[in-house]
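*Asks:* Take the two lone chains and join them into the complex the hints point to.
Order-wise, the sequence lines are chains A and B.
Take 1 as the starting number for the first sequence in this note's numbering and just add one per residue.
Take 1 as the starting number for the second sequence in this note's numbering and just add one per residue.
Derived by calculation from the structure, the hints in this document are not laboratory data.
Check before you lean on any hint, since a few could be wrong.
Said to hold, decoys possible - In silico DSBU-like links for lysine-lysine, alpha-carbon gap of 30 Å or less:
(1) A:Lys741 / B:Lys129
(2) A:Lys174 / B:Lys22
(3) A:Lys741 / B:Lys22
(4) A:Lys741 / B:Lys168
(5) A:Lys360 / A:Lys217
(6) A:Lys976 / A:Lys338
(7) B:Lys225 / B:Lys161
(8) B:Lys157 / A:Lys741
(9) B:Lys138 / B:Lys22
(10) A:Lys943 / B:Lys129
For clarity, every value in this text was computed on a predicted model and none was experimentally measured.
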Amino acid sequence: MLTVFSALSLSGQTVTGVIVDESGLELIGAVVMVRGTSGGSVTDADGRFSIAASKGDVLEVSMLGYASASQEVGTASDYRIVLREDVSSLEELVFTGYAVQRKADLTGAVSVVDMDEMSKQRENNPMKAIQGRIPGMNITSDGSPSGSATVRIRGIGTLNNNDPLYIIDGVPTKGGMHELNGSDIETIQVLKDASSASIYGSRAANGVIVITTRKGKEGTLNINFDASVGMSMYTTKMDVLNTAEYGRAMWQAYINEGQNPNTNALGYRYDWGYDASGYPILNKITMDRYLDSEGLVPAADTDWFSETMRNGVVQQYNLSVSSGGPKTSSFFSLGYYKNLGIIKTTDFDRISARANNEFKLFDGILLLGEHFSLNRTTEVQAPGGFLENVLQENPSLPVYDINGNFAGPVGGYPDRENPLARLARNADNRYTYWRTFGDVYLNLNPLKGLNIRATFGLDYSQKSQRILTYPVTEGNVANSLNASELKQEHWLKWMGNLVATWAFEIGKHRGDVMVGAELNRERNQNASAYKEEYLVLSPDYMWPSAGVGNAQASGSSDGYSLVSFFGKINYNFDERYLLSLTLRHDGSSRFGRSHRFATFPSVSAGWRIGQEAFLKDVDWVDDIKLRASWGQTGNQEISNVARYTLFVSHYGVSESGGGSYGTSYDISGSNGGSILPSGFKRDQLGNDDIKWETTTQTNLGLDFSFFHEKLYGSLEGFYKKTSDILVLMAGIGVMGEGSSKWINAGTMQNHGVEFSLGYRNRFESGFGFDINANISSYRNKILELPATVAANGTFGGNGVQSVIGHAFGSQVGYIADGIFKSQQDVDNHAYQEGAAPGRIRYRDLNGDGVVSEADQTWIFDPTPAFSYGFNISLEYKDFDLTMFWQGVQGVQVISDLKKETDLWSGLNIGFLNKGRRLLDAWTPQNPDSDIPALSRSDTNNEKRVSTYFIEDGSFLKLRSLQLGYNLPPSIAEKVKMKKLRVYFSAQNLLTISSRNFTGVDPENPNFGYPIPLTLTLGLNVGF
Amino acid sequence: MKKILLHIILPFIALLATSCDKFLDDRAPQGAVDEALLDQPEQMDALVVAAYAIWISAEDINSSFSMWNYDVRSDDAYKGGNGTEDGDVFHALEVSQGIITTAWNISDIWLRLYNALSRVNLAIEKLEKQSEDSYPLKQQRLAEMRFLRGHGHFLLKRLFKHIVFVDKAGLTQAEYEALTNTSYTNDEGWQAIASDFLFAYDHLPAVQSDKGRPTKAAAAAYLAKTYLYKAYRQDDPATNAVTSINADDLAKVVEYTAPSVLTGYALEADFHNNFRPEPQY
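Just chain B, same shape as in the assembly (with noise of 0.2 Å):
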């Protein structure tokens, strides 16, 4: 009888204790991607698209990328809906009066922001570990990702001022945790956001096939806009003042505002047209 017992027994549990672990290893999540796909160069154009992507899909009327409902606070008026109750946190900001921090509004844009930031590091650390040969447009594609990096801190930085730089891809977790928004000072971030705009000068192509993709002149125009903000200093930690303005900075916009770097462009006949709704503006 022991005999038996052991014989078939033992046997069982043995098969049963291999067999629990394969039960249970059921099955990889459906209808996703495991990351090691997305270190193939053939999916970095996906990469970047998703990185434009973002900047659309992540709108909302309400609380725009395009900050329309943010500038009320200085010449933009947001008529409402239907009446002073509608848009309630924004007429506060119009009119600088009963602002709360908890507010909806002024977590929303900086949160979106961050997730608009995150897809175009996602890009950016894929990107950075291409080898050129693998991937010839590296440098290119690397040059439209910080376009949109510096875009996205430079929305940042005009609404909150101290903001976290996250001016580095594929950082842990970590990492993240232990980032500060004061470890630039206000000179100092605008100078990583024109770094970011800088290298997008310098690898972007004069013409871009692909109507999505900024060229060599829109990133000259963004520099020297960065420029023109970093020029206005405000170097007391104290208030919002201005405290100098810098000729290097403004001989900077001087520089990249010239005929010959904005070739293709030139300035509208009409300044309004560059406001005007209608679709040949």
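Bound conformation, chain A alone (with noise of 0.2 Å):
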């Protein structure tokens, strides 16, 4: 165990201790002596040493390839000591296009994720956890327990669909990052510009996120297992009326429309009159014990969201095996997710295995390997418009009768149906959804410097589900239909890719050349079961086959088909002149023969300054980089039937109404009991003239690193211009049925700006921080869309005005300006229809002194002012903090919610329950309210489109807080644990919005899901 040591001090102890990197792992063979002795000792085959000093010495660990580290000696015996890899940020390996270059080559937009600090974060979906962390990149999502979010890179870039393309370990994918494992994750990088997606051209126009898997290190047996548990609260809750609130505001509402509110039909009694001024005034509320006649619905005060939601509770564990030899590396991981949702009965799990494989035959000529991961994840999804259901339903209605079944609207209530109950008819409608993910390949070095490799990637993923339709019993929306559909769906995606690269390196010159082809396939198919009447109402009862009422039967398939053919140059003369192009040749099966194909060029080049000769002995200068580039990518991602005019027969469904547009009809008066005759339907207008859209992007950069990485950061400005752009453009109204066409008529423009610093330094003391945080901003405009399609309001603008020169989803309303409050103020203003004290005036444009349709402007724009995040990092000695913030500036929001909490009659559903705003409402004896004065009939019409709904949604998110602790090397031994480390986060622990936003949370401002607060303890051990 002991090995060499030389020069002992006589009256010195012997310090012991062990030397590991960063990830746990011993090191072998590093030296450490005593400052200013000349002697030392040599870590053994655990990594451990022995070395004789007192106290007040200075420990110095150096080993080749580390970071040189020291120690000063206390009063422990033992010392864990940590030594950094020190190799340089340049020398990174980052994966782009098929190929691995160093980041010091690059010449792209390319961001790369830390996973350390994202993979604090707990997420389920690694792209919720780099929310905030990349410029330029805008991920949103709500709080739903599979974690599904939107990713946006740099902007909104068309009018169909915006999503990146993902490459995991070269198979390229749409979507679903929830649905794999992501601490199986090495890498995750980011490429923003064309010149670094063009590559993948025909899909890249929305970025590209590569993303690699774990694979073995030489040398190594690592086992790696992670836990965490945490609870999840709903921090903010919609502030809605309770019984005798809602009794008020109701009150409220009947005398100002000079109704008697006696007449109502919900069971409320008042007790009101007039006081010496002549105003009303409300005396006391009283309520019959029943609400119903029958005497079974007592009356009550329910809060409806307590009796939802619960606390959530989320788990993941996680068990990573890797291993490498000099001819094989292995990586093993299984891994559990699960998240109990904080609206009962809804949750998310998932359970995930991976083997990643690599051989070295021959000497390392020939490369044979594999990923593959199998995934199982199920949910249960909350119901369809569920919040807005709790918010609506009556705070009267209690959630049991008096013989303890759900109890549901009587009399004049409103027909919803009890949210519970609703949950509870849910639950058993879970969905499993099976996805394989991986691929094969062979890489062939027969010469040096070249490389070719053949890939064949699979993605294939089966989603089955049962939904059951329980009978509503509550109330008078009771139902008795009950049906059980069976769904089946299949998606199966491969590719199959041959690349080739060569490598050159002459003199001051160096380079490489990739050239490939590539193929990808979809065919999905569907298929669904559905009948009613069931004897027995349960789901081991409720199968297709057990039903004895109406069937129907559906089911359908669909595909695509892609050819790609592309080639890069990469060259670097005497590492201070990059340059690189690309060439891709795509064609697709969307578009018709004369359009099938496309091609999409880049260029890039890149100067490194810091290693002009007048900069590169300078030594607080490690490298800056100023980087320019240019490039198209395309996209296509339309229906994939989009070129064809289409003719469907569809049977329908016997109720009337509803729009099924079914094309059976009882032509011969049987009256029921047989089969329809059918027709034919158009169902969409043919385009083979359609093409791909094309997105030319230029990109300017500045990389720089100072202080030996202590200071680094880069500065990007781009521009891009999308035209062509497919758009499913409706047919003029007189057209008719399936008069809509896939057209190339658009186009549009963003250009932004990003930015991105970090600090970080380490002391002797063991101290270490590391600071970064970035911010990033776009604006976009609409430049061109066909003029119909720009006044049917689509893409924003209402329909009242085209949105041509305007950001995506602008929109256009009137102004409102403060509530008339005296008929005085009435009579000053312009004419409006509907206009008295209490009610919102709207202001007159035009000048024209009436307020009207004229009177309508541009006044919600969704691009954010600017977004950004900083992430702190501390670290001291077996310690380490991280807090993480978020936020997104001058972003405005509409709130729907609003229409809830502010009007009365803001539905055109009466009597449903509203937000607790109301009881401030303007009165004349409460006149300096800027809330409408209640109102039954909304003649004023204040639902309308109007700058009342539009808030401030900015905030700033504290999105995780970690306290984490190693434990001291001599009690994780004691487990056999080369590390062992605890921790406790919370993540959206607070929450910072504007003043004039009333929602509940500006990230999510209407009806999503709630974001919880989560607190998680969690442990990573390492054997």
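*Replies:* Next comes the structure, spelled out in structure tokens:
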């Protein structure tokens, strides 16, 4: 165990310890010396050393490939010293476009995700964990347990599909990152500009995210186990009225209308009159004990939020084993994630297994390898529109009636289902989703510098779900329909490619050439069997075969294919001047023969100023690189059958109404009992001339690193223009059914700036920090659209004004200008139909004396002024603390919620529950309020699109706060562990929002699944 | 070496190029019908059935083809679901206050009626291409379809007055986009509707074995109804006032409601029976 040591100090003690690297792996052959002496010790096969030193001495540890470290000898006799790899980040390898490049050689805008920081967020979906860390990448999601998220890179590029392309170990996929195990990820690179992404040409217009999974490292056997358990809580609730408050608000609404409040149909009884000044005054509210005449439904004061929400529990367990030898490398992992959502009965869980293996044959000339992962996810989602249902359910209705059954609306109560009953009826509608994802590859290295690689990748997923419709039993929404639908969906995507790379180096000229070809095909199929009428209403019985009522079957299939040819040349002169050229030629089955293929070129250049003679020897400059790029990428995310004129037959369903647009009709008047004759209808107009949509992007960037990578960062500016945008253009109204058509007819422009800066340092005392921040901003504008599309408001403009020249999704409306406080205010204002004291005043923009439809202007732009994030990472000896803040500033939100918190007749259904803000509405006795007076008949049309509903949605959130502690080696070794870290973290701990925001969560302003606060306790173990 | 390259690589590239296109031709849309199939005489009855079907399958209780929601402008009343908040946009029509042209109910009925008309015109377009030899029922089916077309235009014209007449089948997209709602004057519009019903009257049989198809008498009744509306001229483009009552149109009403025309039908004993919900009425 003990090895070499020389000069012994007779009066000193023996200090022992272990030297490890950052992942806890013991380092063999590290040299440990006492500063000021000449002798030293070398670590043994277990990384342990023993050396004579006394208190106050400084131990210095060094090893080839690692930065030296020092440790002051204190009172302890055993130390654990961590050595950090001394690989300059410039040497770091980045995966881009079928190949690997050194970060120093990159000429495109590529952001690399810090996996360690990201994994601290304990999110199921790794994309959610990246939120706010990469400038230019905007990620939005809600609090649903599965963690599905929407990812946008550099603004909104197109009018159809804005999702980026994911490349996992070389296999492309368009999403579903929450279905895979994020802990298996080794690196994530985000390719933001055209020159880096264009190698993926046909589908890269929205950016590319390149992901590689872990593999075994040579010479080691590592076992890692991570576990964590967390609790999630609902932090802010929608403020809604309780029974008494609702009674008060309703009384006010009736009084304002001049109607007798005791004519209400909800069972409220009012004792009211007029006070001395003649103002109406409410003395007392009472209610009958039972809301219904049978005496089954007692009047109540139900807090529907508390009844339907709970504290959620999140658990994650991951086990990974990796090993490597001279001829093989292996990685195996198992993961389990379970999230009990904060809405009762909703949950999500995922089991994943992965095996990555690589074999080096014939002395490395032939590499054979595979990546394979098998994932099973299952989820019970919240029923559609659930949060809105919870807001609207009357507080005076109880959850249960006196017999213990779910209570529902009776008498004049609005016909809405009991939310808790809805959850119970939905709890069995679980889906199970299996996904296999992987690839097999063969890499031939016949000559030095020449590599030929063939890859075959597969992404096969299958979803099965049984949707049970249980009878609704409560109140006047009762419905005896019971049914079971068994759905089965399959998605098969395969990819095959052949890539040859040749690296050359002649004197100061260095570079590589790559050419390749790829095929992609997708085939999807779905089927569903639906049947009604079951004797036993339970999941064990309700399979379609057991049903005895109406049956319906459906099923279909579609798919598409892609062919691509690509090539790239990277050139580097004297480590100072860099040039890169890419060309890609893609064809898609979605287009007709005449426009099937398109070519996407790109060029980029870089200048490593830091390597120039005048800067090379400047010690504090590590590198400064200036880069510029221009390139084109494509998009063809349209329907697989977009170019065809489609006629279909649709039998339809038997009840009329609901707009099924079926083609069957009882022409003979048989009145049921037989299959009806059926015909055809047109679904779509074809267009054989559609072609690729092209995004042209110019990017300018500056990367810098100073003071031995203590200060680092980058600055980017980009301009991108998407032309020939593929739009599904609805036919003009008189063209009727099936007149929509895909056309290339839009142009959109985005430009923006991104800046990121980091500063890190480490001190001898063992204290270290790493602070990095990023800020980004983009502006978006629609430049061209066909007149009919711009006029109908699909992409903005509300059908009032053309959206051309404005950002995607901008809205036009009225300007709400306060409340009329008196009749005089009404008289002094332009003529406004429905105006009266207490009503919202709308501005007469064109000054014609009438508030009409001409008085509308642009009032809403969804683009934020800027987005930012900053991460602070602190370390002191065995403790680490990380804090990550993320914010969006200067963004508007449209609060549809406000129609239900501020307006009594905000919806076209009466008597639903509303928000508590209504209690502060304008009345002559409450004249300073900004909330309009309650009204039962919205004659002033206050539901119209106006600035009343536009609020400032800026926010700053403390996304994650984590405190971790590495147990000292003495304790860890007692249980044979190399590393044992415990941590406590909080996600979404704090939200700072704007004062004028009246909703619940500015990130999730309307009825999305609430984003919870999660407190987690976890463990990282290494063997 | 060069020879090997030439003899292997060039043919390989050629093979690649041709198989690429085949690979990309992929498959025809699954579960969809080629338009060429719809020109066959065997499919005429199916197209006609689909044209009837849309009047039921595109129905929406909130914006009904029976027009009960829109009749609140005159005599009907929409009592609402549970108060004046319910059916707000119809309440606005009822009291004629707060009507906004972007309200959903105004464009909704327009779009749905034109959807129905487009399916009728699809049937008419395919029927017109048939020859009497291959499809002997051509005139009768055309009559049924023109009856439906007249019905659709009638509902539109009564509600909106200035409407686009899609009274020619088989128009191209450009031709549709060139249509306007002012190409017919008010009177010409009613005449166009009347011509559809007149063709239906001329070619429909007196009795239909399929209960879902209109009879000659049904066409006569609708023709009379059209002339009744046409008779009350509204010739002033600036207002909707009735400017004159035309005697010739009224004479047509008398002509098409003669008992000899409406054979097989008679007046109800009690006028109320026309509106009773019980099945026997």
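*Asks:* Against this structure, judge whether each hint is valid.
*Replies:* Evaluation of the provided hints:
no., hint, in the structure
1, A:Lys741 / B:Lys129, "holds, 25 Å"
2, A:Lys174 / B:Lys22, "holds, 25 Å"
3, A:Lys741 / B:Lys22, "holds, 25 Å"
4, A:Lys741 / B:Lys168, "holds, 22 Å"
5, A:Lys360 / A:Lys217, "holds, 13 Å"
6, A:Lys976 / A:Lys338, "holds, 29 Å"
7, B:Lys225 / B:Lys161, "holds, 16 Å"
8, B:Lys157 / A:Lys741, "holds, 28 Å"
9, B:Lys138 / B:Lys22, "violated, 42 Å"
10, A:Lys943 / B:Lys129, "violated, 50 Å"
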